[in-house]
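First to last, the sequence lines map onto chains R, V, Y and G. Oh and the first sequence: position 136 is 152 in my numbering, straight run, nothing missing. Oh and the second sequence: position 24 is 40 in my numbering, straight run, nothing missing. Oh and the third sequence: position 268 is 275 in my numbering, straight run, nothing missing. Oh and the fourth sequence: position 267 is 404 in my numbering, straight run, nothing missing.
Read the hints as simulated data drawn from the structure, not as lab findings. Misleading hints may appear alongside valid ones.
Unchecked claim - The following residues of chain R were derived to be distant from chain V, with all beta-carbon distances above 10 angstroms: (1) Phe155; (2) Pro180; (3) Asp187; (4) Thr241.
Said to hold, decoys possible - Cut-off 20 angstroms, straight-line C-alpha distance, at most; resulting in silico cross-link-like pairs (SDA-like, lysine to any residue): (5) Lys300/Y <-> Tyr179/R; (6) Lys96/Y <-> Ala191/V; (7) Lys77/Y <-> Ser115/Y.
In this text, a Cβ means the ideal position worked out from N, Cα and C, and glycines have one as well.
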Amino acid sequence: MERTVERDSGFEGSGRALRDRLTRFVAVGEVGVLLALIVLVAFFYIMEPAFLSERNIRAILRVVSFIGIIAIGQTILLVGGEFDLSVGAVAGLSAVCSAKLMTALALPVPLALLGGVLVGAGVGLINGLVVVKLKIPAFIQTLGMLFIGQGLIQVVTNGYPVYPLPPVITDIGYADFVFGLGWSFVFFVFAALAADFVLRRTVLGRNMYATGGNPEVARLVGIDTAHYKIGAFMTVGALAAIAGMFVMADLASGTTSIGSGWELNVIAGVVVGGVSLFGGAGTMAGGLLGVLLLQVVTSGLVVVGVNANWQQIAVGVIMVLAVGLDILRRRYFIAGSSAQPAAAETTTKAS
Amino acid sequence: MERTVERDSGFEGSGRALRDRLTRFVAVGEVGVLLALIVLVAFFYIMEPAFLSERNIRAILRVVSFIGIIAIGQTILLVGGEFDLSVGAVAGLSAVCSAKLMTALALPVPLALLGGVLVGAGVGLINGLVVVKLKIPAFIQTLGMLFIGQGLIQVVTNGYPVYPLPPVITDIGYADFVFGLGWSFVFFVFAALAADFVLRRTVLGRNMYATGGNPEVARLVGIDTAHYKIGAFMTVGALAAIAGMFVMADLASGTTSIGSGWELNVIAGVVVGGVSLFGGAGTMAGGLLGVLLLQVVTSGLVVVGVNANWQQIAVGVIMVLAVGLDILRRRYFIAGSSAQPAAAETTTKAS
Amino acid sequence: MTDAGVAAGKNILWVQPMRDHPVHRLMQAGFLNKCKELGNNCEVVGNPSATNYDVPGSIPLAEAAMARTKFDAIAVYGPGPEIYPFIGKLGKEGFPVVTWHVLPPEGSVPGLKAATGEDIPSAGKAAALSMGEKLGGKGVIALTQGSSNDTENVMSDSFRKTMAEKYPDIKILETQMEGFEPSAAEGKAVALLQGNPDVVAAFSTTGNGAQTWSGAARKAERPLVIIGMDYIRQNLDIVKSGAAYGVVAQPLYEESALTAQLANDLAEGKEVAYMNPLPASVITAADLEPYYKMLDSAGQ
Amino acid sequence: MTETNAAPPVIQTRAIVKSFAGVQALRGVDFAVHPGEIHALLGQNGAGKSTLVKILNGVHKAGSYSGEILVDGRPAQFASTSEARAHGVGYVPQEIEVLDQLTVAENVFAGHTGLGRGPIINRRRMEAETRALFQELGLAIDPRMLVASLTSAQRHLVMIARALSFKPRVLMLDEPTASLSGVEVERLFSVLRRLKAQGKTMIFITHRLPEVLAICDRATVLRDGRVAAEIDREHFDEEHFIFAMSGQKLQRLYPDHVPPPADTKPLLSVRGLQIAGRFGVNRGVSDVSFDVRPGEILGLAGLLGSGRTEILHAIYGRIPFSGRIEIDGREVAIARSSDARAAGVALLTEDRKRDGLLFNLPVGANITIGNLAPLSSHGMVREGREKSAVLTAMRALNVKARSPQASVAHLSGGNQQKLLFARVLMSAPRVLLLDEPTKGVDAATRHEIYRLIVDLADKGVALVVVASELEEVIGIADRCLVVADGRIVDEFTRGEGSEDKVLRSITAAQAEMQQQALASAGRA
Ligand SMILES: Nc1ncnc2c1ncn2[C@@H]1O[C@H](COP(=O)(O)OP(=O)(O)OP(=O)(O)O)[C@@H](O)[C@H]1O
Ligand SMILES: Nc1ncnc2c1ncn2[C@@H]1O[C@H](COP(=O)(O)OP(=O)(O)OP(=O)(O)O)[C@@H](O)[C@H]1O
Ligand SMILES: [Mg+2]
Ligand SMILES: [Mg+2]
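When you get a sec, could you build the whole thing from the sequences and use the hints?
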């Protein structure tokens, strides 16, 4: 909101202040998905008050913290104009690699975890180099990497979960020092705040928007787009690795199915939150709200007791409706206002 | 080639004829993936002559005919600037719906099959309307539809395969009148030829390229882009339905798993074949060669006896390499040639 | 894995879609170990995925292997009718075909020579009886499946049926789908517990179920009587620690080994019985030792 | 040429040769720019001006061409645009390149949003500096607006501000005035003069020769990738330029045209046209009415953002409006472009990159798109017919492309413009709306386009022409409407008008409107 108020100072100092201010608030990019989220939470709560029970909230936040960690990276990468379909496989691969390092190779746990992160960042580096230097479309490269990663998981584990893991891993997974949530949540929150700050307030972040928005311009003004893209790929790889290892800690086992299917979930979440698939637009807050929204829906449908067969249908419908709501908001609230240019929501998204 | 030679007649009539002609051949868009395909086939054949055994070729062509039928639609849709992630679910849904129609409702088989096609086209219509009229990104809408379709499959079947089916279905599935291949292959070949013709030679096809290239411009020159996009969505839906029902006939059972996971396979195939994810570029031949290439790789790796764990890794790597080869071809053969501008492949793709 | 032509033994093919699913991998291990032990050449084919059960995608891979190697017997994973035409085709070509995990009645699948596996309805029944007794005949049970497939459907149905017959006071909630991604499954289970405060027990028909439910019970701080599937080491540990009540000891490893044996016998031209059911009992904390031993000896 | 300065040239090239996949764009260019001068780079479309400037900016990287670049007499190699900028070179590209999703301020300071004060952005300061830059350029745009909502002329000015924000020593402007009208051009010139006074050096590319006379100190003329002439200020003369550029003598600039008799029934009538304004961009259009008779050339004169483009777009069904549009005296319902086309209306858009060219299709298909009906039978494109139609159109407009199969992305700007003209003409329109028809077109071709416009009028087509160069509208139009802030404020016929008169009526209208606004504010 701070940002919204800031904008008041300039240009027009006319009357209609409250209405304008309201319109401006509604014009903020994240408001669409936030609104949808609030509607959904209210609906589920009315249907079944247990939806807002501490435990359910905690369970939702826990899952969101895993996917959310990846979503942070994916949002950055999407802003930079690329995307990564291999995140699920990278999460799984890093988890089983670090698990193997701490069991089969008996490395100290911190080293093994570092190894996991390096695997993730390394895969990201490869993705980035291939996309940027060899000009292979990200879709192909990261889909290929998804297959490669899934294959490597099988090679590393031979199909068996890596189990048992050293007790300290279980301790990490079982910790619950913040509102019953543990390390993964804390990491998620700090990473999200940092990433949001970087994207909104730093030269690095704005250059990332330029890179994704129009690489031609970015090059003209001397932004090294190759570095930015490779860096974003590495970030998403490292964050996927961290998310994978948190899941591993949570399960106390290096299971081969960690991360399976996440690639589409993560992208779906951030896109629902208004991050553009085509680069250069979207915010961290939006992307993460989108991920939260999808988790709220999945969980809420179970809580209110929707038949399993219909749950998936409802998820699909709600996903589309949430984005539809956002589009309606833009069309009516913003286009109809006298105070805001038609594309204002993107302004704020990008500011 | 015909197209390539034809181009000789006009404008430039200089010397260097053979070299130019060769370069022009290499400049044709499909040559990249064709080359990769030939290299792979040769490699697998040398490693294990059984790769080119009738049995294996037939098995490859059979499954390619299923996925290929969908790929035809997906290529058209991609040319028109959109894409559809729900094809797998639509294939499955149409199959189980028609299966239910012919068993539970005891409708005559042709009617039940028609019902299946209508389901597919109907889903396509919804996708198209939502994307075009409500401006919801195709990624969100069709991913939502993927979930909805998967849910509906469960609702329709309650999780149990629809079995047994009327014997005529089994007969369709077992038919083997062309080189041991049956109706699905015949349909695939005719549909592919027709679609190729439409894209390359007709006003409809040209307008589809314009729609995908820049919808704003297309509208300005009087093309009803909404109709084109909706039509393409319906085509891909109907073709997915047909593919799903062919699979059903092949399996003699309306199984809930028909089409699961195909969405990415199909897109991966056509993109490997040079069809652009961003619309307006690519050919039918290229897209289908890409799908064939992926299947050749998966089957070839089994034939030459690569360890199962490494197969998927190899698929990922080869997929990326195939596209890389195409990019190299463009860079060296075309940019270096005196006769062809750097983007000639797009020229031909679109002509 | 393929050393066709090197060893002198029989060539045996194992066809299993969704090849990389952890439970499928366990079955493949049982097969490969036994098969080698018998001196055969063994090969596994199937679409490489942990989530997509893609039969049309797996058949060409089997065909590819058959194009190269003359197999003496083929084992085909057969949980549903979609694979029957393929079995029939193989039978017509003269291959002896064995299936496992489900037991289709003799003669119902053309071309099928033998079948082995747990008797799924009886496993579901055993789970119901064991849980009903533990609950003292009353309470509410949550029931989850990994996905909707024949094996799990049949197991759930028989569980429900037995419960309704033997413990009519026990209520079972509608079936929910866990999926195969562990953290998402756990989130769903917690949501289910929140929506249903009276749930006192949970039965899951998928291999991850014991982990899913014990994790959910811990996070929701709700003591539950949990029965899951499969005696992998982590599940045994969970039962041992008291976080779950028991697991259905699906004889995954044994049935696969038996499949290898049956295929071998058929390849050698021996007569085998068509039906080869295996017991699937519910094991609880008291019965764990032999299973730990079995895992130790399998090097897991 | 004599060396007038003792100091070495700021920028000098030696024997630059550059070819693209068989096209020789530059065939050995020796070019020198001296400190403190504004140096015009002239040449016909496709002569190689943009290519040369791109080489000097590192857009075409060192190694992709042969020859030598000297900066201050020392050899330099630019492997990227940032290296060029490190040498103090600034660049405004010919085509509009902006970041649509970012704010104006972020576009101006793209790449150095930190203003050199560390990694964290101070938005207020950035916006203040943007405002300061805009003040010089006479731009009243809120720095916090999204660039997506700007008009193409405004975007162009944002690009100029962006180049200035880097405080270059040598500034290269590739047709910066192509979409500006007189007032904006004058403002830009005063900025350039100020920079010159500060000792900065500029390379200025334009096809508007009077501008060269107005501001440049020296000129280099390129022809077919070679330097055809270097001309000092004392020898400046339009005729001389044109001869150097094309090897031809200057023809009389505007061809004669006799307007249809005043009592001819109008072909196009616009009544009470109303278009909603967009915040911060323009005030929309209110109550615009006019008639165009068959064979008449109607000009719309006005300043940037006055609403001329919008009027054309409304008639063509591209933006929503209220009011009546009549063709042949009958009202036609125009909800989208295809309705307008069906009524025989055609539009040439002003932004060829955004809503003109189809980069995925080759030259030929770009011309025939939307016009395939007569070139096809039963829905099938007749390739022979299409090809000959394309070749005819290309020849008629002298489109310089290697073949109908060539990619449009690599045509020079002027040739792209001609290609779009060919497309519009192929539909054989009865009413032709031309938005900046000569944008980026060289003097010789410009004459051809005027000729074409007159020919079309002679054939009975009703034309509406918008051009930002006042002199051009006045010269070509039979009748001219002056548009200011979305209203028609004046009208005159051929021979009555002058640039001064137009500007005066605009100023008067604006003053009146201001008065009204003040009055209504006072009442409130
Ligand atoms: N990237 C490219 N690939 C291929 N050919 C190119 C490329 N860029 C320019 N050309 C060709 O080089 C020649 C010179 O083009 P250039 O853009 O420098 O002309 P120009 O003098 O700027 O013309 P205009 O006044 O129309 O802008 C043209 O024939 C053009 O087609
Ligand atoms: N209400 C609107 N909705 C959508 N697009 C609009 C609207 N108003 C203007 N535009 C678009 O903005 C662009 C330019 O507008 P405008 O006519 O104000 O600018 P200009 O070309 O600089 O000035 P002039 O009108 O004097 O030519 C055009 O592409 C027009 O279609
Ligand atoms: Mg140029
Ligand atoms: Mg204009």
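A quick look at each hint next to the structure:
| no. | hint | result |
| --- | --- | --- |
| 1 | Phe155 | 6 angstroms, violated |
| 2 | Pro180 | 23 angstroms, holds |
| 3 | Asp187 | 32 angstroms, holds |
| 4 | Thr241 | 18 angstroms, holds |
| 5 | Lys300/Y <-> Tyr179/R | 16 angstroms, holds |
| 6 | Lys96/Y <-> Ala191/V | 13 angstroms, holds |
| 7 | Lys77/Y <-> Ser115/Y | 27 angstroms, violated |
Figure legend: structure checked against the earlier numbered hints; hints not met, in rising order: 1, 7.
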